[in-house]
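Engineer: Which chain is which? The protein sequence lines are A and B, in order. First residue of the first sequence? That's 0 in numbering that gives the first Met the number 0, and the numbers climb one at a time after it. First residue of the second sequence? That's 0 in numbering that gives the first Met the number 0, and the numbers climb one at a time after it.
Treat the hints loosely; a few may be bogus.
Straight-line C-alpha distance at most 30 Å; calculated DSS-like pairs for lysine-lysine [stated by the list, open to error]:
1. A:K210 <-> A:K195
2. A:K592 <-> A:K210
3. A:K272 <-> B:K14
4. B:K82 <-> A:K337
5. A:K538 <-> B:K20
6. A:K483 <-> B:K185
7. B:K219 <-> A:K409
8. B:K20 <-> B:K223
9. A:K409 <-> A:K396
10. A:K556 <-> B:K82
Honestly, the hints are just simulated from the structure, not real lab data.
Spelled out, the chains give:
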Amino acid sequence: MLEQEVRLLKYKTYLSYYCPHCSTTFNVERQDEKSLIFNAAYKQQDLVVKLSPYLDVFDTKTSIPVEEGDMLDDLICPHCKKSLINHEEKCEKCGSKVGEVIVSTQAKLIPFYFCVNRGCDWHGIKKADQKTIRRKIPRQTMPEQDPKIRAHNFKEVPYGYTSELALLEADRCLQCKNPKCVEGCPVNIDIPGFIKLISEEQFDAAARKIKETNLFPAVCGRVCPQESQCEIKCIVGIKNEPVAIGRLERFVADYERDMNLVEIVDIKKSTGKKIAVIGSGPGGLTVAADMQILGYDVTIFEALHEAGGVLTYGIPEFRLPKSIVNFEIDYLVKLGVKIELNHIIGNILTLDELLEHFDAIYIGVGAGLPWFMGLEGESLGNVYSANEYLTRMNLMKAYKFPEYDTPMPKGNKVAVIGGGNVAMDCARSALRSGSKEVNIVYRRSKKELPAREEEVHHAEQEGINFHLLTSPIRYFGDRRNMVKSMECIRMELGEPDASGRRRPLPLENSNFMLECDMAIVAIGNGPNPILFNSAPDLKLNKRGYVEVNEETGETSKEFVYAGGDIVTGAATVILAMGAGRIAARAMHEKLSKI
Amino acid sequence: MAKETIIRFDIEAPKIALKIKPGQFVIIRVNETGERIPLTVADKDAFEGTITIIFQVVGKTTALMRSLNEGDFLLDVVGPLGKAAEIENIGTVIMVGGGTGVAILYHVTKAFKDAGNHVIVIMGAKEKEMLILENEMKAICDELVVTTDDGSYGEKGFVTMPLERYLNERDDIKMIYTIGPIIMMKNICNLTKPYNVPTMVSLNPIMIDGTGMCGGCRVKIGGKTKFSCVDGPDFDGHEVDFDELMSRNSQYLQDEKDSLLYSIK
Ligand SMILES: Cc1cc2nc3c(=O)[nH]c(=O)nc-3n(C[C@H](O)[C@H](O)[C@H](O)COP(=O)(O)OP(=O)(O)OC[C@H]3O[C@@H](n4cnc5c(N)ncnc54)[C@H](O)[C@@H]3O)c2cc1C
Ligand code: SF4
Ligand code: FES
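The shape of chain A in the complex, shown without the other chains (with noise of 0.2 Å):
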């Protein structure tokens, strides 16, 4: 069977060699030529010896001409420079010294074994422990826009992995029994599972096993802190870099997206109860998906001229593409969601209006009050909130201004003051849209930025500044009233305070001047009290944050539900998305018992 393998696996051309002690790759790929470089000793003298892609056939144009019938003394490595001799076997045909390198095929990562003996064309491999040489093929980096040309545009920054990459990558997973990654996952999706798939090359079958738990793996693949969650509980992490799961995930999504394999899934049997859906971020896309499935007729209500919530007016484009919001949305039309936009639920109908109308009520309006420092100047020209700035540039497109009317906020430099996704988003934007320095100003240490590792990385290579454990305390305005300057303090890490993090305090006397002409709050949101006002009999916490069953979802109110960050104030797409499976699977039950 394994014979019949490695000679299957010599014809396909991805197949990829690898140094067992580096993990690098000998594989050279020129115009039509493929072939493995090794370095070699012969005679005493180092020499650079070529071999064919099937490891069998030598070539013969070395400087030293290797003598038929003779062998190598040596085959070494030319990135670590170690020996590749496995002096453990030996050659079945001639008994001489054989070379050892890894072979990645889609299923499992081999020994491949092959004879140093010019005359001979042995190669042969073992059944080796799986486990030690997967960990040795390195975590593989998804091809990306150069920072210098992503700097100027709002395309998305990765291209994602390609077949061949993912495969290689999901090589690497050691398919736990008791997979430490899917307790992680916030809505523990099949990890292992829709990995297993990758490997025998089922990529939209991946994609559907994601869809079992998680109804957006391409957003969520793009999106989701994965190194706190998933990847962090990895055991491959322990001793190596984890499993790139988020890579994964957004492959095989993105795969069935654009080789056209989504399935609408088949509804139940109508059961004449209607749902409403207020806020169409994406737990109450998921709400809307599962109960729509479940054969309830749903109406989503959103305030804003377009659906998607954060996704839609927060993130931008060039991390998270809005035709894959729009082919999410789209799904669910197609499944039978209606969407109500330019709906504020508050004004124009009340929550008990809501209820006359129908049966349940999903509560999903996000935490979208933007907080200000107030300092003063705070209010000065050029001056705006990560909202304001993101909604302008992503829903009202206004990077495209004078194409679209309005107007792009813009500025030479720019401080962003925040340390979290929305900072980053920010910053990033204001690079692409021309301005010269980016200045972010966190309070914190780097180790506490609260943003996906992934971000800070690109918004580094991109070439924003961090000014760390730095925070403003005043604005200056020119003759007009526009932004001129913010006066910083410096800070120092106190005692950890009520959220575990260290208490960033002020030094005294180390304020300096930092120029910028446009300036841009991104230090958290709140909720908004606008739904609220006209539902009195609703509870709230004490920071205005809806009460909910953590069971069910279910708030004070019956058949009033409420989940995302309009409960748990702002946190992540994924958790949004796992309350609002909760609160939609329970809504089913109450509702089936009537």
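Given chain A, work out where chain B with the ligands should sit, using these hints.
Structural biologist: Same frame as chain A, now just chain B with the ligands:
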């Protein structure tokens, strides 16, 4: 309607017409590339399911709206937005409107009258040609004074003149409600403060969403930051920082010119 630059639209929006109260506004987007602009509703007809807006052509969006014909569609109309004006029977009130502010004033004036108040309306315009809704106002108020800056109609001068006269002559004025250019509202507040007459102003800062989500409409009221689209648009005029509002509203003047030029090209 007076001169081509002031235009009235009756928009079919039955759900909004059913709900909207005097003082509240809507946000309109004309087409896909359009801005969202707030417009206070001048009147409504819940039975017909229409709302009335009156606007002056000042920039690209309003110019675009002028080019629409009867029966055309607006891409988005969202509302009602903002808090409704607080209207009770309190006695004598003076309503002061300037420019297209008069249109907005109409809806509120009607409500004050319906609540049983003695309503005095002072309305001003640059010149006779720019005067709007005079007859409509006359029909619903108890006393009407018209001023024009150039004296081409009514009293010559600003609305503050008759207002000051009233304040000196009558001591039963319980409230003043004013809508118009910021500078006019500021002058009125400066005038009424020494008389200790509560003065409500309806503010018109730059807005985007109108739902309290962006903070672009923030104004300072008594030193505190408020969002006009949800906390207002009506505020106690004596607490408003008008200078800040003026400078915030002029942020995009150059962009607006660019935008208009682009559309002409
Ligand atoms: C710029 C930015 C970047 C982010 N990046 C990430 C990231 O990389 N990864 C991540 O996991 N999370 C990220 N987040 C957080 C994440 O987007 C949110 O946690 C998530 O979107 C919350 O979903 P939700 O369904 O609760 O509400 P939202 O997405 O906030 O959607 C709420 C919707 O309800 C509408 N609405 C509000 N009030 C009403 C009303 N009265 N009537 C009708 N409709 C109403 C709103 O207009 C909005 O469309 C980011 C957030 C921002 C702002
Ligand atoms: S923990 Fe890592 S290696 Fe184990 S199943 Fe999950 S992704 Fe694969
Ligand atoms: S217009 Fe955005 S908060 Fe008021």
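Engineer: Compare the structure with each hint and give your call.
Structural biologist: Here is what the structure says about each hint:
1. A:K210 <-> A:K195: Judged against 30 Å, a Cα distance of about 15 Å means the pair holds.
2. A:K592 <-> A:K210: Holds, because 27 Å separates the two Cα atoms, which is no more than 30 Å.
3. A:K272 <-> B:K14: Given pair K272 of chain A, K14 of chain B holds - Cα atoms ~23 Å apart, limit 30 Å.
4. B:K82 <-> A:K337: holds (29 Å)
5. A:K538 <-> B:K20: holds (27 Å)
6. A:K483 <-> B:K185: holds (27 Å)
7. B:K219 <-> A:K409: Between K219 of chain B and K409 of chain A the Cα gap is close to 24 Å, so the pair holds against 30 Å.
8. B:K20 <-> B:K223: holds (26 Å)
9. A:K409 <-> A:K396: holds (14 Å)
10. A:K556 <-> B:K82: Since the Cα atoms of K556 of chain A and K82 of chain B sit roughly 25 Å apart, the hinted pair holds (cutoff 30 Å).
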